[in-house]
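Chains as they are written, first to last, in the numbering used here: chain A, 1 to 418; chain B, 1 to 418; chain C, 1 to 418.
It is possible that some hints are incorrect.
If several chains are the same, the list does not tell them apart, and a pair holds so long as it fits within one copy or across any two.
Here are the simulated lysine to aspartate or glutamate pairs, EDC-like style, with alpha carbons at most 20 Å apart [unchecked claim]:
hint: 1; residue 1: 412; residue 2: 46
hint: 2; residue 1: 365; residue 2: 103
hint: 3; residue 1: 61; residue 2: 137
hint: 4; residue 1: 61; residue 2: 92
hint: 5; residue 1: 365; residue 2: 162
hint: 6; residue 1: 61; residue 2: 302
hint: 7; residue 1: 365; residue 2: 309
hint: 8; residue 1: 61; residue 2: 93
hint: 9; residue 1: 365; residue 2: 25
hint: 10; residue 1: 61; residue 2: 126
The set of hints was computed from the structure by calculation and includes no laboratory data.
Residue-level listing of the chains:
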Amino acid sequence: MHALVERLYPLCRSITGDGVRATLDIVGEHLELEVHEVPTGTQVLDWTVPREWNIRDAYVKDPSGTRVVDFRRSNLHVVGYSVPVSAVMTLDELRPHLHTLPEQPGLVPYRTSYYAETWGFCLSQDTLDGMGPGPYEVVIDSTLADGHLTYAEHVVRGRTDEEVLISCHVCHPSLANDNLAGIAVATALAGRLREPRHTYRFLFAPGTIGAITWLARNRERTGRVRHGLTLACAGDPGALTYKRSRRGDAPIDRVMTAVLRDRPHTVVDFAPYGYDERQFCSPGFNLPVGSLTRTPYAGYPEYHTSGDDVGFVSPEAMADTLDALWAAVQVLERDGRYQNLSPYGEPQLGRRGLYGSLGGRSDTKQAQMAMLWVLNLSDGDHGLLDIAQRSGLPFGAVAEAAGALEGAGLLKRVGEGG
Amino acid sequence: MHALVERLYPLCRSITGDGVRATLDIVGEHLELEVHEVPTGTQVLDWTVPREWNIRDAYVKDPSGTRVVDFRRSNLHVVGYSVPVSAVMTLDELRPHLHTLPEQPGLVPYRTSYYAETWGFCLSQDTLDGMGPGPYEVVIDSTLADGHLTYAEHVVRGRTDEEVLISCHVCHPSLANDNLAGIAVATALAGRLREPRHTYRFLFAPGTIGAITWLARNRERTGRVRHGLTLACAGDPGALTYKRSRRGDAPIDRVMTAVLRDRPHTVVDFAPYGYDERQFCSPGFNLPVGSLTRTPYAGYPEYHTSGDDVGFVSPEAMADTLDALWAAVQVLERDGRYQNLSPYGEPQLGRRGLYGSLGGRSDTKQAQMAMLWVLNLSDGDHGLLDIAQRSGLPFGAVAEAAGALEGAGLLKRVGEGG
Amino acid sequence: MHALVERLYPLCRSITGDGVRATLDIVGEHLELEVHEVPTGTQVLDWTVPREWNIRDAYVKDPSGTRVVDFRRSNLHVVGYSVPVSAVMTLDELRPHLHTLPEQPGLVPYRTSYYAETWGFCLSQDTLDGMGPGPYEVVIDSTLADGHLTYAEHVVRGRTDEEVLISCHVCHPSLANDNLAGIAVATALAGRLREPRHTYRFLFAPGTIGAITWLARNRERTGRVRHGLTLACAGDPGALTYKRSRRGDAPIDRVMTAVLRDRPHTVVDFAPYGYDERQFCSPGFNLPVGSLTRTPYAGYPEYHTSGDDVGFVSPEAMADTLDALWAAVQVLERDGRYQNLSPYGEPQLGRRGLYGSLGGRSDTKQAQMAMLWVLNLSDGDHGLLDIAQRSGLPFGAVAEAAGALEGAGLLKRVGEGG
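Let's have the full structure, built from the sequences with the hints guiding it.
Structural data, given as C-alpha cells:
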C-alpha cells in the first residue's frame, strides 16, 4: 500500500483534469475500474459540473531568474483551479495572491478555489519572509476549459444486490494521508474480497462534486446501499476514528463500534462536515454511510499542508486500517438473524454431540456459552452481532456457534443482522 | 426591580384581602392588569373560595404597656388568617399561640392557618426568652368575613393564540425573595415584550387557591398553554434552579435546560411540592409548566422567616434571573421546524453567496457550520433548538443560519420547534 | 432453616432416585406437597426422562483393605449416575476414573455424568497423592434402571389465578449452599404466606430435566406465571445477587431491584447459564423469571466441592435472603395502578383530615409527600412501585398513602402494578 501512495504522490490531482485520470490509471493496474467521464455543464443535483482544469507549469521567478516558488517542486504551490497568469509584478502587487501559514512557517498550505475565478500561489512563510520587493515574473500555465469530470467505480459482485459502498476522494494533489492512504487501503480491501454475500462498490471520485455527480447519476441505486463508509486519512500515526452515519444507529454504526471496541479508537457522532459522508448523509438520501479515518478531518497539524507527505503515513498504520475494515467486512458478511427451531427449554445439546458430556464443571467453554446465547436470543429479533454484544463474546465465536447449530438443524436463518 | 421589591415589602398580603389589592395596584402602575374578584363561597375545582381576611393591628403588650410583639413592626408577627382576639392572658395561657424558631433564635417565622379557625403570634425565640409571666394584653384586630379572592392577569397579545403562562404568587406578606422578587422579575419581563409570536399571559395570584381559582375559571383556555413557568425566589444569591414540568420532556423543559447550560445552575425533576406548578401539573391538567427559581423552595435558611428581607435579594440576582428568562423567550419565539428544499446532496452555498469561496481552509466559520447543520437536519423532524443542541452551536447562530437559508429559498418553516 | 439444611445434607440426591424422594418427604413435613412421578422414557420437550439411578455403596479399597475412597463418608465421592462396577485395578488403570481439584488439593469435587454411560470417583488431590500403585478393589453398587423422575409442587392459592413461581433445584447431593439453603428458604417463605392476592407455586425439582419436565407438563399454565424466581445459593456469606429475567424489564426485575436497593447487593443481566431460569427464559417460554442467589453460580471457591458443607451456610444469611424475598412479596402483593378521582388541581386534603392544617412549615411529613406523589402520578399509567421509585419514598409509605386516599374516595384501583 505504501508503494502505491509513493507512486500516486507526485501527481497533480484536482476535482477534474488529467491528474485524476493518471491516478485512476494506476489504481486500474490493481483493480478493474469502470471510468466515467461527465461533461462540463452537466447538471448534477443542485450543482453543475465545472470546467476542466489542467496545469503544466507555474512559478514565481525573482529578479535573478530563480524560481522562488516552483510548481515543479510541489504541486501544492499553486492554488487549485488557478486561471492562467503571465505577468511581472512587485511583491506588493503579488502579495494578495500569496498564501502562507504564519504559525507553521516551514510548511506550504494547500488551497483551492474551484468556483470563484482567481489565481494564487501557496508557499511557506519562511520563503515569503526571504522575498525581496521584486519585480517577479509570475506564470501559471494552466487551462480552464470545457472538458469532463472523471470518476471510477470498482464493483465486486456478491450473491445479493445489497450493496456496501466504500468511497474515497481522489481530488487532492500531493497529500499522502489525505487521501492517498485512503485510496491505497480501499484498493487493498477490494483486492481481498472473494465471492462475498453483499455487492461491494468502491467509488474513487473527486470530493463533493464527484460524490454529488455519482448520487445524481445513481439515484435509484442508492436504495440498494445497505452499508457504507467514506475512507480517508487512513495512514497517519493516530488511532482509528469512526464517525457515525447521520442515522446514528445504522447497522454500519453498530458494526464499526463493535469492531473497534478492542482497539485504541474514538467514535464520534455524525456532523455535516468532513468528507463525502456530507453528501451521502444529506437528508434527502440519508444513506447509512459512516466515515472511517485515523486522526479525523483537520485533526492533525500536517492536515492540508506539505507536512502531509509520504513520510507522514506508515505501512503499519495502513495495515491496521485495512485490518479493521476486514473485521467489519467479516461481520457484515456473517451477521444475520436466526430462529431457534427448538425454542421451548434448551435443546439437548449433548445428544447431538454439541456439548461436553461430563457435567458439574464450571469451566464451560466459550464455544458452549456461545451456543447457549445463540439459542436463547435467536427469536428472530436479535442478530449475531447483537448476541455478541450482549454476551460479551467475540463475534467470531458467536458466528461459529450459529453455524454449528444450523448444521444440527436447531437454527434457521431468517433475515439480515443489524 | 429592587425598588419595586422595597415598595411591596411592607404590605400585609395573604391569600385574600386588601394587601393583595394594594400589591396589584402597585404592579398595575407598571403593567396594564385585569383584576378579578371572586366571591367567598365560590366553588373552584375541589376547593371553595374562603372568607376574606383583613387586619389592622395586633400586639402582645406586657404589664408595663410595652408591645413586646407588634404587628406594626412586622406583619410576620401574626399568624395569617388569625381570627380576632382581645384578651388578657398569662404567658402560660398565651404559650400555645406563640410560634418561634428555636434553632434560629433571632428570626421570626412565617405561619398561616387558612383553613383551620385559630389565631397566633410569631416571634423570635430571643423575644420569647425575655418575656415574663405576664399578664399580657393580647389583641388581634382582624376580620374574617365574606368578601373576595383577588388575582390579576396581564396579557401581551402575540401573533398566535398559543400561550406562554408566567405565574407568580402574591400571597406572602413581608418576604422579599418569596415572592416579591418573582413579582418584580415577572413585571420587568412583561415590560420587555414587543409584538411576540406567542401570547404571553402573566398571572399574579395567591398561591394554591389562586392558581386553582384561575384553573377553574379557565379550563378551556388551558389547552392553549404551550409553555409555562412558575416564577419564585428570583432574587437570592444562589444559582438558578429549573424544575422540570411533570411531563419531563416538554419543550419548556428542553428550552430551559439549553438556556441554563452555560450558567451556574441546577435542573431537577418534577416533584408535586413547591409552588403552583403543583396545580398546573396536576394529572388532569398536566400542563407543560416548569418552575424557575434561584435557590429552590425551602432551600435556604432564611426561607419563610424574617431573614427573607429586602437585603436578602439583590439587583444583580434579579437581573440574572430576568436575563435567563429573556434568553428562554428568544428560543420560544425563534424555534421552529424547517424543511430543507434542496435535500439531495448539499446545495451549492457558494453560488448563493452563503459560503466563503476560498476552499481548503480548516477555519470554517461558525456561521457556515450552522448553515450545514440546519440544512442537514431540516427534515421536518428537528427544530432549531434540537439542531443547536446536537451541533453544540449557540441557538442564536443556528436561528440566524435558518434565516439566511430561508432568505435564499433553501428552507421553509413547517412547524413549531420542540 | 439451618436445621433443615443439616437434616437434608447427608442424603444422596441426583436428578432421579430415592435421594430426591427422601428430600421431598422431609420438606413435606413442613409443607403440603403434591409429588409427581414421571416414568423413564417420557418425552419432555426436546428431552427424554432418563433411567432412574440409585446407589447403596461405593468404595476404592487399597491392598490393606482400607477404603481410601468411601461413599459412606461422603456421597460426593461417586460421580453421579455412575454405572455399577466391581473390579480389581491398578492405580494406573483406575486413574482415568478419578477426579480431583489439583488447585484445591484438600477438597473433593462434585461431578456427574447423567447422559453418558460411565463411572468414576471424586476425591481430594491429597488423597490421590497418598495412593500407592494398588491393586485396588473398586466397587460401585448402583442401579441404573427404568423408574421415575420425581418432583413436587406446593401451591398457596391466592385470590387470583395469577401465579408467582418460586423454583429451586433438589438434585445436588451433599452441597449445602447449592442448593439445600435454597430449599430451606423456599420452604420458610411458603410457610409465611397467608391468603395472598397472587397464587404462589413452589417447585422443588431436579435441575434442567426437572424444570423441563414441569414445563412440558404445564405448557398451558405458563401463561399464568406473572412473576418468578429461581432460588439457589441462599445461605453463603456473600451479598445478595439478582439476575434479571431474559426480558430485562419484567415487573419482577423492577421489584427485585427496588427491594435490594438499600442492601448490599448486585444486579446482573440475564445470561443463558446458571440455574433453571435457563429453561423458564428459553425463547419459546420467555417467562418473567429472574434468579435470586447470594454469591452467584460458580462464584465462590467452595462451589461444587466438599467445601460447600453445612458450615458454609449461616442462619443469618438465610434469614437475610428470606427477608429480601418477603419484601418482594410485599411489593408484588400491594403494587397496583390507581386513578386519581380528583385529578384537576390538588384535592383539598385538609378538609378530609389528610393534611396538617398549620401551613407555612417546611417539615411536611413523609406521609403527606407520599399522598401528593400518589395523587400526582395516579393517572392509570404509574404503579405504586413506579411512584416509590420516582419519589424516592419507601414503597410502604407510598402504599399506605394510596390506602388512605382510596379510603377517602380520592383514588380507585385500576390495574396491576409493574
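For each hint, the structure was consulted:
1. With identical chains, the CA atoms of residue 412 and residue 46 are at most 20 Å apart between copies only, with a shortest distance of 17 Å across copies and 47 Å within one.
2. With identical chains, the CA atoms of residue 365 and residue 103 are at most 20 Å apart between copies only, with a shortest distance of 19 Å across copies and 58 Å within one.
3. With identical chains, the CA atoms of residue 61 and residue 137 are at most 20 Å apart within one copy only, with a shortest distance of 5 Å there and 105 Å across copies.
4. In the homo-oligomer, the alpha carbons of residue 61 and residue 92 lie at most 20 Å apart inside one protomer (15 Å), although the nearest pairing across protomers, at 94 Å, exceeds that limit.
5. Taking identical chains as interchangeable, the C-alpha atoms of residue 365 and residue 162 are never at most 20 Å apart, the minima being 36 Å within one chain and 39 Å between chains.
6. For the homomeric pair residue 61 and residue 302, neither the shortest alpha-carbon distance inside one copy (27 Å) nor that between copies (80 Å) is at most 20 Å.
7. When the C-alpha separation of residue 365 and residue 309 is checked against a cutoff of 20 Å, the pair qualifies neither within a copy, at 49 Å, nor between copies, at 27 Å.
8. In this assembly of identical chains, residue 61 and residue 93 lie within 20 Å of each other by CA distance solely inside one copy; the values are 14 Å within and 96 Å between copies.
9. Neither within a single protomer nor between protomers do residue 365 and residue 25 lie at most 20 Å apart by alpha-carbon distance, with minima of 51 Å and 37 Å respectively.
10. Taking the closest pair of Cα atoms, residue 61 and residue 126 come within 20 Å of each other only inside a single copy of the chain (16 Å); across copies the shortest separation is 92 Å, beyond that limit.
Hints 5, 6, 7, 9 from the earlier list are contradicted by this structure; the remaining hints agree with it.
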